[in-house]
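Protein chains in written order, with our numbering: chain A, 1 to 114; chain B, 1 to 114.
If you are wondering where the hints come from, they were derived from the structure by calculation, not from laboratory data.
Just so you know, nobody snuck in bad clues.
DSS-like mimics (lysine-lysine), calculated; alpha carbons at most 27 Å apart, straight line: (1) B/LYS71 with B/LYS57; (2) B/LYS111 with B/LYS72; (3) B/LYS101 with B/LYS68; (4) B/LYS101 with A/LYS78; (5) B/LYS101 with A/LYS71; (6) B/LYS111 with A/LYS110; (7) B/LYS57 with B/LYS101; (8) B/LYS72 with B/LYS56; (9) B/LYS111 with B/LYS57; (10) B/LYS111 with B/LYS56; (11) A/LYS110 with B/LYS101; (12) B/LYS56 with B/LYS68.
These numbers were taken from a predicted model, which means no experiment stands behind them.
For reference, the chains in residue letters:
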Amino acid sequence: EAGVTQSPRYAVLQEGQAVSFWCDPISGHDTLYWYQQPRDQGPQLLVYFRDEAVIDNSQLPSDRFSAVRPKGTNSTLKIQSAKQGDTATYLCASSRDRNTGQLYFGEGSKLTVL
Amino acid sequence: QQQVRQSPQSLTVWEGGTTVLTCSYEDSTFNYFPWYQQFPGEGPALLISILSVSDKKEDGRFTTFFNKREKKLSLHIIDSQPGDSATYFCAASNVNTGNYKYVFGAGTRLKVIA
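So that you can see chain A by itself, here it is in the shape it has in the complex:
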């Protein structure tokens, strides 16, 4: 079974530029999460979906961040007008466990904003 796939693995931007991260969850996993992990910190939830519906986006900086999962499978996280404070690894995770919601993480997309 293939794991969670993310791309690109690395991105380097100047402030003000935009970037999109793509995630392909494990087949059959209906729940998909995007986490932000700053260097030397734990993952912090940005948004999560069940199928194509947004369940919680309360931690997503809505003025510059957006996330979609139009067909309930792959997902894209977009950052517009990036800031240095956005420098972090963006982790995608998926789940189908109704008891505990066990997360399966991808390798992450490491963003550096200069």
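Chain A is already provided as a structure; the job is to place chain B on it using the hints.
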């Protein structure tokens, strides 16, 4: 608001020794506590987890203990190996809500020296 705290921030142990990591939380509604292991350049992976109805769970060299009254957990690794060198995250969630919003601690960086 830091709801899950981990200590120590980093730890070095000798091969064969016992590693003890600790975690505390604030939200009394949390009832599920997974520990994730993360190697550099990879996403976190579930190591072991415990529900609040239990006070101990063991999996090979790894044991997690839960103290509901004190709102504390610990992860014990016996016969620590260099391959255990990684960052360990404690997380917490309320699985009764059906919304699996995990809160992660900042992590403990473990180095095992041969």
